[in-house]
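Trainee: In order, the protein sequence lines correspond to chains Y and X.
Here the first sequence stands for residues 0 to 485, where the numbers follow numbering that gives the first Met the number 0.
Here the second sequence stands for residues 0 to 97, where the numbers follow numbering that gives the first Met the number 0.
Check before you lean on any hint, since a few could be wrong.
Think about it this way: if two alpha-carbon atoms lie no more than 20 Å apart in a straight line, the pair counts; the simulated EDC-like pairs of lysine to aspartate or glutamate are [stated by the list, open to error]:
| hint | chain 1 | residue 1 | chain 2 | residue 2 |
| --- | --- | --- | --- | --- |
| 1 | Y | K429 | Y | E482 |
| 2 | Y | K71 | Y | E230 |
| 3 | Y | K158 | X | D62 |
| 4 | Y | K325 | Y | D73 |
| 5 | Y | K154 | X | D62 |
| 6 | Y | K182 | X | D62 |
Simulated DEER-style distance windows between Cβ atoms [unchecked claim]:
| hint | chain 1 | residue 1 | chain 2 | residue 2 | range |
| --- | --- | --- | --- | --- | --- |
| 7 | X | V74 | Y | Q64 | 26 to 32 Å |
| 8 | X | Q95 | Y | I57 | 29 to 35 Å |
| 9 | X | G44 | Y | E482 | 41 to 47 Å |
| 10 | X | V84 | Y | N149 | 38 to 44 Å |
| 11 | X | I87 | Y | V413 | 45 to 51 Å |
| 12 | Y | W286 | X | N19 | 21 to 27 Å |
To spell it out: a stretch of chain Y is covered by chain X in this simulated footprint if at least three of its residues, at any positions, have a beta carbon under 8 Å from a beta carbon of chain X; those stretches are [what the hints assert, rightly or not]:
| hint | stretch |
| --- | --- |
| 13 | 8 to 14 |
| 14 | 298 to 312 |
| 15 | 387 to 394 |
| 16 | 404 to 411 |
Please keep in mind that the hints were generated in silico from the structure rather than gathered at the bench.
Keep in mind it's a predicted model, so treat the numbers as computed, not measured.
Just so you know, even glycine gets a beta-carbon here, dropped at the ideal spot from N, CA and C.
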Amino acid sequence: MIGQYFYLFLVFPLAAAALCLLFRSKKELKTFISLGFSFLHFIVSLLILVSGEYGASIVAGDWPQGIGITLKFDLLSNLMMTVVSAIYFAGSLYFVKARTVEANQNFDFLFHTLFLGLSGAFLTHDLFNLFVWFEVTLMSSYVLVVSGQNLLRVKAGLKYIILNFISGMLFLLSVGLVYKFTKTLDFSELSIRLHSIYQTNPGVVRLLGLSLFGAFAIKSAFFPFFFWLPESYPKLSPGLSGVFAGLLTKLGLYAMIRIFGQVFPADQQLFNVFLILSVLSLLIGVWGAVVQTKIREILSYHVISQVGFIGIGVSFCMHPNIAIKKFAIAASIFYIIHHIIVKTNLFFIAGLIEMREKSEDLSTISGLFRAYPFLAVLFLIPAGSLIGVPPLSGFWAKLNLFKISIQARELWVVFAMIVGSFFTLFSMVKIWSAAFWGEVSEKQFDQTEKNKSMRPMLACIFLAVITLSLSVAPSWLQALVLEMAQ
Amino acid sequence: MTFYFGCLFLVFGIIFLLRNTLTGYVYGIISLGNAVNLIVLSTGGIKENSFPFIGINVAYFADPLTQALVLTAIVISFATLCFVVAVIRKIIQMEQDL
Chain Y
0 MIGQYFYLFL VFPLAAAALC LLFRSKKELK TFISLGFSFL HFIVSLLILV SGEYGASIVA
60 GDWPQGIGIT LKFDLLSNLM MTVVSAIYFA GSLYFVKART VEANQNFDFL FHTLFLGLSG
120 AFLTHDLFNL FVWFEVTLMS SYVLVVSGQN LLRVKAGLKY IILNFISGML FLLSVGLVYK
180 FTKTLDFSEL SIRLHSIYQT NPGVVRLLGL SLFGAFAIKS AFFPFFFWLP ESYPKLSPGL
240 SGVFAGLLTK LGLYAMIRIF GQVFPADQQL FNVFLILSVL SLLIGVWGAV VQTKIREILS
300 YHVISQVGFI GIGVSFCMHP NIAIKKFAIA ASIFYIIHHI IVKTNLFFIA GLIEMREKSE
360 DLSTISGLFR AYPFLAVLFL IPAGSLIGVP PLSGFWAKLN LFKISIQARE LWVVFAMIVG
420 SFFTLFSMVK IWSAAFWGEV SEKQFDQTEK NKSMRPMLAC IFLAVITLSL SVAPSWLQAL
480 VLEMAQ
Chain X
0 MTFYFGCLFL VFGIIFLLRN TLTGYVYGII SLGNAVNLIV LSTGGIKENS FPFIGINVAY
60 FADPLTQALV LTAIVISFAT LCFVVAVIRK IIQMEQDL
C-alpha cells in the first residue's frame, strides 16, 4: 500500500528545496521546513521497510520495461534510503544552530538538493539516470564546498570539483561504452546481455567493469585516487564534513554494489584487482590517520581505510563462487549502513568539540572528559563501533567480512583487516588520550556556549541511539540484508 | 572520425589538467567534456540525411538515444565549466585582497 508512494522520496527534498528558496530570508521558517520534510522522509522510508512493502516500480513515460527509465524501490534501495534519511534528519537537526557558521544564504536549498540527488540515485535502475543523479548530488556539493570566505577552503574545493569532474566524465565514457556493446542501459536488461557477452568475449566485460570501477573509485576515494579527500573535508564546516564524509564516498560504493553485485557477471581477474586496491586503501588510510594531529584530519583518513573495508566486501561481490558472492553483497550493505551512521556521528561530535574549544588541534585540547562527561560517552559509542569493539555495530560488520575472507580462503585479507583495525584503535586512542583525558583548561565551562549547542547534541544522540540499536539487535538487519542478497 | 577527434581532445584535456594551473583547469574541462561527448556520440553511429521517425527501417538512421544522452551531458559539463570559471574568479579576487 504505502510502498507504491516511493516517489515521495523525490518529492520531499524537492518541495523542501523549493520552499527554502522561496522563504530564503526567514530563518525560523526554513528550520521548520527542513526538520519537517526530513523527518517525513525518514518516517516514510522506515514505514516501508518495517511493513515489508518494498519492490514497487515505475517506468517513466509509460514506456515498455527495458526501454524507458525504470525507478524501482527494492530492498537494497530501501535500506540505503532509510539510513540516508536518518542522516538527512540528523543533519537538519545539527544545522539548526550550526547554520550560522555557513555564510551562504542558500545553504538550506543546497542541502535539500544534495539529498534529492542521493534519493534519486538509490531509486533509479538505469545507468545513465544514475549518472545524472550523481551529478545532481555533486553539483550541490560543489557549491557547498566552495561557499565561504576562506581561501584555503575555496582552493581545496576547486581540486574537489576537478577530481569529481574527471570521475564524472569517466563514468559518462563508460556509460557510452556499455551502451555501444549492449544497446541497453536498464539494469535488469543489462545484466542479461552482459552475461551473454561474457560467454563469448570476457575481455569486453572486464574492460567495461574496470572503467566503471575507475569512475566510482575516484568518487569513493580508493587507493590511488584518495588525495582529494583529506585535502578538502577537514576544511569544510564541521557539520557539512560529517554529511559529506558519511554519504558522498558511500554513494560510489553503493553504485559499485548495485552494478558489480547485481548487474555484472562474476570474474576472477576483476576480483583480484579490486581486492588488492581495497586492501591497499585500507592500510594506507590507517597509516595516514596515525600521523595526523587534528581530529577531523584523523577522521578523514579513517574514511579512506573504512572505504577499504567496504571495498573488500565489494570485491567479494565479484567472486566466482555464487554463495560467497551473495553473502558478500549482504556483508557490504551491512557495513555501509553501520559506517554511514558512525562516521557522520564522529564528525558531528568533532564539530561539537570544535565549537566549544575553538580549536581542533589535539595539542591544544585536553580534559574534555571532566568538563563534558556526557560528550565523552557520546564519542565513545561511535569511536568504539568504528574500531569494532565487540558489542557495538562495527564488530558485527567486520565479523561478516572475516567470515567471507575465510570462506574464500583469502587469509592474507583477514591479516590486513586485523592490522587495519589495530591502527584504527591506535589513532582513536590518540584522540581519546589527548582530548578527553588530562587537566581541564580554563576557557571551558562557558555556560552560555553550552546551552547554545544543545540541539546539535540531539542529532548526535539520535545517531548514537541508532548505532546502539544496531549493536544490540544486529540479527534484524542481518536477516534483512541476507534476504536482499537472495 | 568523430571517435578519433574525441580521443585527440581527451589527450589535450588530460595534458591541460596535469599542468595544474588555473587556466589549465578551464581548458582541461572544456577539452575533456567535449572529448567524452564526441566519443559517446560516436558510439551511436553518425549517418547523414536520415531522421529517426517511427516506421522507417532502423538501418537508415543513427541511434537517437546516444544523441539524447549527449544533450544531457553537454548541459552538465557546461554548467560545471561555468561554475569552475566563477570559482577561479573568486580565488583570484581573494588572492588580490590579501
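Trainee: Hint by hint, which ones does this structure get wrong, listed from lowest number up?
Mentor: Going through the list in order, the structure violates hints 1, 2, 3, 5, 8, 10, 13, 14, 15, 16 and respects the others.
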